[in-house]
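**Student:** Keeping their order, the protein sequence lines are chains V and R.
For the first sequence, our numbering begins at 1 and goes up steadily by one.
For the second sequence, our numbering begins at 219 and goes up steadily by one.
By construction, these hints were calculated from the structure, which means they are not laboratory data.
Hints are not guaranteed to be accurate.
Derived contacts from chain V toward chain R, CB cut-off under 8 Å, selection only [as the list claims (entries may be wrong)]:
| no. | residue |
| --- | --- |
| 1 | I60 |
| 2 | S63 |
| 3 | V64 |
| 4 | I68 |
| 5 | V71 |
| 6 | S75 |
| 7 | I79 |
| 8 | A160 |
| 9 | L161 |
| 10 | W164 |
| 11 | I168 |
| 12 | R180 |
| 13 | L186 |
| 14 | S204 |
| 15 | A208 |
For clarity, every value in this text was computed on a predicted model and none was experimentally measured.
Idealized CB from N, CA, C, for every residue including glycine.
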Amino acid sequence: MIDTALSANDIWFLVQGAGWTLLITAIAIVAGTLLGILFGVARATLPGWSTLPLGFLLDIFRSVPLLIQLVLANSFIPILGIRATPFAVSCLVLALYTSAYCAEIVRGGVLSVPLTTRRAARSLGLTWWQDMKEIVYPMALRVMLPSWIGLTLGVMKDTALVGWIGVIELLKSSQILITRMANEPLFILCIAGLIYFLISFPISRLGARLEQRWRDND
Amino acid sequence: MGVFNYTFHWRPAFQALPAMLEGALVTIQLAVLSMLFGIAIGVVLSLMRGSKNRLLSGFAVTWVEIARNTPALFQIYIAYFGLGQIGIRLDSFIALLIGITFNNAGYLAETFRGGMRAVPPTQTRAARSLGLSAVDAYRLIVLPQMFRVVFHPMTNQMVWAILMTSLGVVVGLNTDLTGVTQELNVKTFRTFEYFAIAAVMYYLIAKFVTLGARAIAWRLFRY
Numbered sequence: 001m002i003d004t005a006l007s008a009n010d011i012w013f014l015v016q017g018a019g020w021t022l023l024i025t026a027i028a029i030v031a032g033t034l035l036g037i038l039f040g041v042a043r044a045t046l047p048g049w050s051t052l053p054l055g056f057l058l059d060i061f062r063s064v065p066l067l068i069q070l071v072l073a074n075s076f077i078p079i080l081g082i083r084a085t086p087f088a089v090s091c092l093v094l095a096l097y098t099s100a101y102c103a104e105i106v107r108g109g110v111l112s113v114p115l116t117t118r119r120a121a122r123s124l125g126l127t128w129w130q131d132m133k134e135i136v137y138p139m140a141l142r143v144m145l146p147s148w149i150g151l152t153l154g155v156m157k158d159t160a161l162v163g164w165i166g167v168i169e170l171l172k173s174s175q176i177l178i179t180r181m182a183n184e185p186l187f188i189l190c191i192a193g194l195i196y197f198l199i200s201f202p203i204s205r206l207g208a209r210l211e212q213r214w215r216d217n218d
Numbered sequence: 219m220g221v222f223n224y225t226f227h228w229r230p231a232f233q234a235l236p237a238m239l240e241g242a243l244v245t246i247q248l249a250v251l252s253m254l255f256g257i258a259i260g261v262v263l264s265l266m267r268g269s270k271n272r273l274l275s276g277f278a279v280t281w282v283e284i285a286r287n288t289p290a291l292f293q294i295y296i297a298y299f300g301l302g303q304i305g306i307r308l309d310s311f312i313a314l315l316i317g318i319t320f321n322n323a324g325y326l327a328e329t330f331r332g333g334m335r336a337v338p339p340t341q342t343r344a345a346r347s348l349g350l351s352a353v354d355a356y357r358l359i360v361l362p363q364m365f366r367v368v369f370h371p372m373t374n375q376m377v378w379a380i381l382m383t384s385l386g387v388v389v390g391l392n393t394d395l396t397g398v399t400q401e402l403n404v405k406t407f408r409t410f411e412y413f414a415i416a417a418v419m420y421y422l423i424a425k426f427v428t429l430g431a432r433a434i435a436w437r438l439f440r441y
């Protein structure tokens, strides 16, 4: 066997870290996608000038490093007089961060449906809502899903940064083990990397296959 | 306890602007270097991936998949803590540069692979039958079309590279924009003020890159 000071307990510690990584990812993706759909549909359907401020705001989330966003939120929320755990701050920031990217994906998806198709739907008597649900949604989904899967994986990897404000997710827990057992950082890191890879790789493969199948059937 | 129980102190923060601007230069330097190395390695990886030699293509696939399926911070940790174990001690600047370059190269290799597939071989044949030499056909017909396809993903990667440089602080870098900001923060505990200014600077750098790229694209790619 491999000669290591790593015990079963330490491996369990890493797995727990992976659990936090997955939990934060899930919360950020669910909340961020809901918000992102709202923002994206607004950006695609409302007149351009009316959503400029929203567009600017979302652009900030995409142009400022996530680490800076986390530190800013972590220092600003107490200024507002609100007590929040690092976990809550992380979920909030990552959800907004996700929504900014998701809004762009949704906007692109909605805009990919030709306006003539939507006019045709409306002139056949469909309501705005029916048009969105029966025409735009199925057509846009093909454009959006591959990017959305990419976004999900991106956010999963980005959760590695919340360790900086004190959430013990997968990468942070590996770093804690490294500080305790200073002589085998490479081995510990490789276990953490393997866990990330095992989460990410199957999903990215699934996304690629889905994209391929849709392209072939077009 | 009111909302603004906290008093903002912007004046000392603004006094730190010159130091932060110097940090911003290091940030840009890191991003540019990591892109230049990333592009060079990315081209090589995309060529290796298309090669019939299983060893070469396997190496390229492994690089690309690790770069794309693990966090950038993990890749930086490997360069900083991991390589230390096998006797390669790197300072945080070099470790960060290696980590981001590794990441850039992985993503760019995929971009270039897509770019190569985007130009159909019929184009080369048409160019050759019009009398262009092989080199000219590649230089004048294939490359410009490929460049058009990969230009936008490349500028995206450049913005990513800038954002990734902020991770240097986690491995102790104190000369880039985030590093300088963190040093000021540790001295004064005016976290919000300093990091807000840093955020504005990152935003401006990122905007400069996107707008610059848009201007170049407009100049190069209009018919």
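**Student:** Each hint: holds or not?
**Tutor:** Outcome of the hint check:
1. I60: With a closest approach of 6 Å, the I60 (chain V) hint holds.
2. S63: Result: holds, 4 Å to nearest chain R Cβ.
3. V64: holds, 5 Å
4. I68: Since the shortest Cβ distance to chain R is 5 Å, the answer is holds.
5. V71: Holds: closest Cβ of chain R sits about 5 Å from V71 (chain V), inside 8 Å.
6. S75: holds, 4 Å
7. I79: Since the shortest Cβ distance to chain R is 4 Å, the answer is holds.
8. A160: holds, 4 Å
9. L161: holds, 6 Å
10. W164: holds, 6 Å
11. I168: violated, 14 Å
12. R180: violated, 13 Å
13. L186: holds, 4 Å
14. S204: Given a least distance of 6 Å, the restraint on S204 (chain V) holds.
15. A208: Where the cut-off is 8 Å and the nearest Cβ of chain R is about 11 Å from A208 (chain V), the hint is violated.
Checked against the numbered hints given earlier, this structure breaks hints 11, 12, 15; the rest are met.
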